[in-house]
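Protein chains: 2
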Amino acid sequence: MDLKELRKEIDEIDTQLVTLYEKRMKISEEVAKYKINTGKPVFDKERENAKLDWVKSQVHSEFTKHGIEELFLQIMSMSRKLQYQLLNKNGIQDKTSFRLIDTIENKKDKKVIFQGVPGSYSQIAMLEYFGEDVDNYGVETFKDAMETIKNQAADYAVLPIENSSAGIVNMSYDLLVEYDNYIVGEHILRIDQALLATKDAKIEDIKTVYSHPQGLMQCAKYLDQHRDWKQISLQNTAASALKVREDQDKTQAAIASIKAAETYDLQVLQEAINFSDTNSTRFMVVSHEPIFTIKADKVSVCFEVAHESGTLYNALAHFIYNGINMTKIESRPLEGRPWEYRFFVDFEGNLNDGSVQNALMGLKAETIDLRILGNYKKYEE
Amino acid sequence: MDLKELRKEIDEIDTQLVTLYEKRMKISEEVAKYKINTGKPVFDKERENAKLDWVKSQVHSEFTKHGIEELFLQIMSMSRKLQYQLLNKNGIQDKTSFRLIDTIENKKDKKVIFQGVPGSYSQIAMLEYFGEDVDNYGVETFKDAMETIKNQAADYAVLPIENSSAGIVNMSYDLLVEYDNYIVGEHILRIDQALLATKDAKIEDIKTVYSHPQGLMQCAKYLDQHRDWKQISLQNTAASALKVREDQDKTQAAIASIKAAETYDLQVLQEAINFSDTNSTRFMVVSHEPIFTIKADKVSVCFEVAHESGTLYNALAHFIYNGINMTKIESRPLEGRPWEYRFFVDFEGNLNDGSVQNALMGLKAETIDLRILGNYKKYEE
Chain W
8 MDLKELRKEI DEIDTQLVTL YEKRMKISEE VAKYKINTGK PVFDKERENA
58 KLDWVKSQVH SEFTKHGIEE LFLQIMSMSR KLQYQLLNKN GIQDKTSFRL
108 IDTIENKKDK KVIFQGVPGS YSQIAMLEYF GEDVDNYGVE TFKDAMETIK
158 NQAADYAVLP IENSSAGIVN MSYDLLVEYD NYIVGEHILR IDQALLATKD
208 AKIEDIKTVY SHPQGLMQCA KYLDQHRDWK QISLQNTAAS ALKVREDQDK
258 TQAAIASIKA AETYDLQVLQ EAINFSDTNS TRFMVVSHEP IFTIKADKVS
308 VCFEVAHESG TLYNALAHFI YNGINMTKIE SRPLEGRPWE YRFFVDFEGN
358 LNDGSVQNAL MGLKAETIDL RILGNYKKYE E
Chain G
8 MDLKELRKEI DEIDTQLVTL YEKRMKISEE VAKYKINTGK PVFDKERENA
58 KLDWVKSQVH SEFTKHGIEE LFLQIMSMSR KLQYQLLNKN GIQDKTSFRL
108 IDTIENKKDK KVIFQGVPGS YSQIAMLEYF GEDVDNYGVE TFKDAMETIK
158 NQAADYAVLP IENSSAGIVN MSYDLLVEYD NYIVGEHILR IDQALLATKD
208 AKIEDIKTVY SHPQGLMQCA KYLDQHRDWK QISLQNTAAS ALKVREDQDK
258 TQAAIASIKA AETYDLQVLQ EAINFSDTNS TRFMVVSHEP IFTIKADKVS
308 VCFEVAHESG TLYNALAHFI YNGINMTKIE SRPLEGRPWE YRFFVDFEGN
358 LNDGSVQNAL MGLKAETIDL RILGNYKKYE E
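Just so you know, the protein sequences line up as chains W and G, in that order.
Under this note's numbering, the first sequence has 267 at position 260, and the numbering climbs by one with no breaks.
Under this note's numbering, the second sequence has 110 at position 103, and the numbering climbs by one with no breaks.
A portion of the hints provided could be inaccurate.
As the list makes no split between identical chains, a pair holds if one copy fits it or if it spans any two.
EDC-like mimics (lysine to aspartate or glutamate), calculated; alpha carbons at most 20 Å apart, straight line [stated by the list, open to error]:
(1) K214 to D254
(2) K305 to E315
(3) K58 to E37
(4) K58 to D9
(5) K30 to E19
(6) K15 to E36
(7) K117 to E139
(8) K30 to D18
(9) K72 to D360
(10) K305 to D353
(11) K335 to D353
(12) K206 to D256
(13) K30 to E12
(14) K63 to D18
(15) K33 to D18
(16) K237 to D254
(17) K228 to E211
(18) K150 to D9
(19) K40 to E347
(20) K305 to D207
Hints are computed from structural coordinates only; laboratory data are not their basis.
Make a model of the complete structure from these sequences and hints.
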């Protein structure tokens with residue numbers, strides 16, 4: 008047989024598959040109605056496992072066994088999505104504790120904190136997001152920022168979550184899990200690292216360079232040309248500028264912002280020393296209250312999956328089957344459980360969307376410790 | 008209708024679905040034979056897109072449109088897997104450049120390097136993997152290690168890739184992409200961080216603590232109780248022990264191994280200060296040669312996906328449909344392309360397995376810049 012004939016046969020099979028699929032989904036709607044009336048849960052693991060065993064027993068090769076199992080995992084998952092959707096329409100839904108508010112940019116009587124000292128990138132990002140006249144102050148550590156928000160001594164905290172060259176800020180991810188604080192906004196700031204020193208210093212004088220570890224990492228290629236310089240990490244870039252100012256030692260340099268040079272009256276020895284000319288940091292705005300606005304279009308969640316084959320894949324299927332666009336996936340180690348992970352997924356949508364509610368109901372039923380970290384407006388230039 | 012009747016109807020539909028699925032896969036085998044004879048490529052994007060448009064036009068709701076599209080993406084992907092498998096059987100396969108060897112643990116005339124100074128965890132891991140009598144020396148940076156291997160001035164390098172509490176070592180992932188070096192083994196070392204100081208020091212004397220950034224991170228909870236201590240990062244933990252020995256200043260402490268205390272004649276002020284009592288680091292053994300053994304049971308790959316919805320999910324499908332167990336997924340930013348990522352996946356298998364070859368052929372056709380980073384024996388205690 009030639010390809011054309013084979014494809015014609017395939018087309019005929021596909022016509023039947025489509026008809027059967029639609030018929031099956033119609034019956035799933037009836038099942039949903041039954042479940043609405045009786046309060047029976049959507050997910051029946053025993054029934055699904057029996058079905059998988061049966062379909063596998065019906066086919067003849069190892070390859071088709073795998074294939075038919077995957078196919079039915081997908082079909083049953085879609086049936087569940089449909090049932091969740093109908094449950095939602097009937098008002099039977101898992102209420103999230105999130106509260107819809109008008110706007111979070113309202114700065115009247117709000118206090119905002121950032122991590123670090125004046126001149127830090129966090130402060131610059133905060134001022135760009137909330138405006139120059141917002142009531143604000145710096146705290147020493149990321150943990151202090153989360154603690155202050157938790158105790159409601161301030162309304163919002165601005166913390167870096169990811170750099171476009173260095174990757175994620177692990178501490179921020181871990182603190183989101185440790186604290187019941189929520190992401191309510193994001194801001195992206197272009198990072199131009201500069202080499203700062205005292206007014207009398209020349210490049211040949213430098214022996215030690217101070218910065219935040221990510222600052223040193225972002226400038227690794229530049230620093231590789233100066234291997235005799237000792238690299239020392241401090242809490243943040245602006246703190247390293249402050250140290251150089253205080254020590255007034257011309258062998259010291261700091262990697263920090265041009266704004267930090269102005270703030271601490273230092274000389275810019277070299278501009279733009281970070282290796283990527285598109286280097287940006289994404290900051291999150293964190294609140295103790297689980298709030299979102301109708302304009303929010305990005306959701307962040309995290310969850311664990313059982314330490315079994317295929318569990319991560321099945322979790323991700325909830326996004327796809329609901330037509331939800333995942334924009335990011337990260338993993339972080341679980342404390343005390345070596346080589347097991349918590350997954351962080353960002354996706355597009357609003358907590359009021361039916362599709363988002365379906366995906367979250369499914370994920371909640373089929374993953375471990377699902378948490379909604381926030382629903383907020385995606386940064387746009 | 009009650010649930011029992013509805014389920015009976017579903018069972019009848021499923022019987023038909025299974026029959027059609029198996030029939031479709033049989034025809035796919037014929038298609039594979041045709042393609043073997045004509046040398047036509049397996050993946051025909053145009054034909055698949057036309058099919059997806061057609062199936063979507065046949066159903067009536069938005070929900071079933073999404074569902075049927077996903078279902079056919081999966082069915083067509085399975086057909087391709089089957090075709091790749093038959094191509095493989097007929098000797099038409101993508102030869103990887105990997106060479107099968109007997110054993111890599113053969114230490115005769117081999118030179119091994121590690122990053123750091125004597126007493127470092129990398130050295131301890133190296134000695135455990137290759138034995139105490141292996142010819143070895145330390146180099147200054149991770150990059151130096153990769154460069155030395157590339158120039159074949161040494162045969163193997165041992166570098167940390169992941170810590171069970173702190174997460175991945177970004178630099179190691181990035182260097183695997185930058186250099187054409189390959190992972191040929193792995194070793195896991197339990198990390199017990201200790202606080203080291205000069206023989207005359209007391210805990211009250213300490214003002215500054217030195218370590219590698221991951222060392223400081225692993226002991227963050229302990230250091231949080233000593234907020235007055237200045238934390239300074241150095242290249243590695245053993246280098247910080249060396250510094251304390253050289254300075255002979257009782258206000259200085261280092262976070263490093265007990266072995267480093269012995270090596271540099273220091274006092275152990277406090278044992279086990281890392282917060283997890285199951286803290287381990289996974290090391291990789293890297294070679295310039297793409298070699299693997301028949302006992303190798305873990306594959307590491309990396310790839311990029313097009314910046315479109317669903318592309319990551321489709322890439323991961325190649326593992327699942329071939330019955331391959333993914334054990335890890337990580338992402339790292341792409342240089343100069345903010346908020347785009349390269350994905351690193353570890354999975355179980357040997358490059359000689361048919362299923363692994365299928366998955367890699369599929370991934371190569373449907374992702375960007377697929378690289379096989381290595382095939383090696385998984386660490387076992």
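How the hints compare with the structure:
| no. | hint | verdict |
| --- | --- | --- |
| 1 | K214 to D254 | both (14 Å within a copy, 18 Å between copies) |
| 2 | K305 to E315 | between (29 Å within a copy, 16 Å between copies) |
| 3 | K58 to E37 | within (19 Å within a copy, 29 Å between copies) |
| 4 | K58 to D9 | between (36 Å within a copy, 19 Å between copies) |
| 5 | K30 to E19 | both (17 Å within a copy, 11 Å between copies) |
| 6 | K15 to E36 | between (32 Å within a copy, 15 Å between copies) |
| 7 | K117 to E139 | within (13 Å within a copy, 62 Å between copies) |
| 8 | K30 to D18 | both (19 Å within a copy, 12 Å between copies) |
| 9 | K72 to D360 | between (36 Å within a copy, 18 Å between copies) |
| 10 | K305 to D353 | within (7 Å within a copy, 29 Å between copies) |
| 11 | K335 to D353 | both (5 Å within a copy, 18 Å between copies) |
| 12 | K206 to D256 | within (10 Å within a copy, 31 Å between copies) |
| 13 | K30 to E12 | between (28 Å within a copy, 15 Å between copies) |
| 14 | K63 to D18 | between (24 Å within a copy, 14 Å between copies) |
| 15 | K33 to D18 | between (23 Å within a copy, 14 Å between copies) |
| 16 | K237 to D254 | both (16 Å within a copy, 16 Å between copies) |
| 17 | K228 to E211 | within (18 Å within a copy, 39 Å between copies) |
| 18 | K150 to D9 | neither (67 Å within a copy, 55 Å between copies) |
| 19 | K40 to E347 | neither (39 Å within a copy, 43 Å between copies) |
| 20 | K305 to D207 | neither (48 Å within a copy, 56 Å between copies) |
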